[in-house]
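Asker: Sequences listed follow chains E and D, in order.
If you read the first sequence in the numbering used here, its first letter stands for residue 11, the second for the next number, and so on.
If you read the second sequence in the numbering used here, its first letter stands for residue 11, the second for the next number, and so on.
Source of the hints: derived by calculation from the structure; they are not laboratory data.
Incorrect hints may appear among the rest.
One copy or any two copies: either way a pair holds, since identical chains are not told apart in the list.
Here are the simulated SDA-like pairs of lysine to any residue, each with C-alpha atoms no more than 25 Å apart in a straight line [said to hold, decoys possible]: (1) K33 / I12; (2) K220 / L35; (3) K33 / M201; (4) K57 / S162; (5) K139 / G126; (6) K220 / P43; (7) K130 / A97; (8) K57 / R144; (9) K130 / L152; (10) K33 / A224; (11) K57 / T164; (12) K220 / A141; (13) K33 / R19; (14) K220 / L122; (15) K57 / K130.
There are 2 protein chains.
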Amino acid sequence: MIELYNYFRSSASFRVRIALNLKGLSFEYLPVPLTQGGGQQFTPEFKALNPASLVPVMVDAGQVLSQSLAIIEYLDETHPAPPLLPATALERARVRAIALSIACEIHPLNNLRVLGYLGKTLGVSGEEKSAWYRHWVETGLLAVESMLSNDSRTGSFCHGDFATLADILLVPQIFNAQRFDSDLSRMPTVMKIFDRCLQLPAFADAVPAKQVDAS
Amino acid sequence: MIELYNYFRSSASFRVRIALNLKGLSFEYLPVPLTQGGGQQFTPEFKALNPASLVPVMVDAGQVLSQSLAIIEYLDETHPAPPLLPATALERARVRAIALSIACEIHPLNNLRVLGYLGKTLGVSGEEKSAWYRHWVETGLLAVESMLSNDSRTGSFCHGDFATLADILLVPQIFNAQRFDSDLSRMPTVMKIFDRCLQLPAFADAVPAKQVDAS
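Can you make the complete structure from the sequences, with help from the hints?
Answerer: This is the structure in structure tokens:
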């Protein structure tokens, strides 16, 4: 049985839950309560699994894997059906570029430890932190909107008509954006795909509110 | 001929230059001078190539690709020799996790536009910006050091004895860290691999100082 050390609200965890669901793989849900400062990600037990103190960590047949995108590529290689990447190198490059636009340009700027540093070390106010959050979400998602709306390969999902790595990254990011009241009105293509994804049980069952550790 | 829109000091550009060199692929170097605010990445011509206004952009047979990791995976799929990823899914997951630890946890926090926002919008001082920079580099690279030093699969390179995607990400990040006087003394494994990589012409020829737009 695959074990997933994760946290309901962590969007990197959310991504892996969607991928496991799309592959039809059952897994043991092991909650790692994250908090700024004293969260369980900093315990010696967890650091032995992942010295970076980050979730998710997936354990498959005793092998420990970290970094959500690496885990999802691994799942796609070891369980090829249904595929999470399209058939040609060029199409895969497009799907990965959309996914990485979220993973590298939006999410890292807005995670718990970065917001903690802004507040505690730099003395940035709550209002300024929210503005920071929305700035990076909106800048990043407008770029994704442009990548999607200006390309005929976009279908009912980010690429064609089945869910790929790009959709797996997109949906958790939108959940985060909504939590911080970001303005998503200028991203109609993104939001249409978001709604379409949530019609699939693989996405709907992975949302934060449905997890055992949701609070 | 492959075209590479890039900038000598951009570490995402540096990664793709290394990958092209490792594959023995020649390319046309098209400099995109980046500056905070009015850089050429914001011109309508460049935005038509990449709406995200980010380098690098690679054009291969008329097809436009963005996001350095997606470009490198594409190069590895379309030009398999020499490989930039190891042979098994589990090993590939490890190499990708090291690469993503740099691409997602370190680099995004320290690029030009983030430092610009800290200074201009949040009024953070130059000294505080340098401390921010070093904080994320050192936190992130110590995690990478731990991933490397506690794993028998680490060889003279990050994974075994040939250069992979992980080394391609590591070397530009160290160049950046050195520019900002980060403390790298606690990362002996990282630094040994860094030195080994730079013995290879593919890495040495890709360094910022050797590019036509270096200043």
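Asker: None of the hints should be skipped; say for each whether it holds.
Answerer: Hint check:
For the identical chains of this complex, K33 and I12 are intra-copy neighbours only, at 12 Å inside a copy versus 36 Å across copies, given an alpha-carbon limit of 25 Å. Proximity of K220 and L35 under a CA criterion of 25 Å is satisfied intra-copy only: 17 Å inside one chain copy versus 49 Å between copies. Proximity of K33 to M201 under the C-alpha cut-off of 25 Å is restricted to the intra-copy arrangement: shortest distance 24 Å within a copy versus 39 Å between copies. Taking CA atoms no more than 25 Å apart as the test, K57 paired with S162 passes between copies only; the shortest distance there is 18 Å, against 44 Å inside one copy.
Taking identical chains as interchangeable, the C-alpha atoms of K139 and G126 lie at most 25 Å apart whether they share a chain (9 Å) or sit on different chains (15 Å). With identical chains, the CA atoms of K220 and P43 are at most 25 Å apart within one copy only, with a shortest distance of 16 Å there and 47 Å across copies. Taking the shortest Cα distances, K130 and A97 never come within 25 Å of each other, neither inside one copy (47 Å) nor across copies (44 Å). Only between protomers do K57 and R144 lie at most 25 Å apart by alpha-carbon distance; the minimum there is 22 Å, versus 31 Å within a single protomer.
Taking the shortest alpha-carbon separations for K130 and L152, only the inter-copy value of 22 Å comes in at or below 25 Å, while the best intra-copy value is 30 Å. In this assembly of identical chains, K33 and A224 lie within 25 Å of each other by CA distance solely inside one copy; the values are 23 Å within and 47 Å between copies. Within a single copy, K57 and T164 get their C-alpha atoms only as close as 40 Å, which misses the 25 Å cut-off; across copies the closest is 19 Å, which meets it. Taking the shortest alpha-carbon separations for K220 and A141, neither the intra-copy value of 28 Å nor the inter-copy value of 39 Å comes in at or below 25 Å.
Proximity of K33 to R19 under the C-alpha cut-off of 25 Å is restricted to the intra-copy arrangement: shortest distance 21 Å within a copy versus 41 Å between copies. Taking the shortest Cα distances, K220 and L122 sit within 25 Å of each other inside one copy (21 Å), while across copies they are farther apart (38 Å). Taking identical chains as interchangeable, the C-alpha atoms of K57 and K130 lie at most 25 Å apart only when both belong to the same chain, with a minimum of 23 Å there against 36 Å between chains.
Taken one by one, the earlier hints fail for this structure at numbers 7, 12, listed in ascending order.
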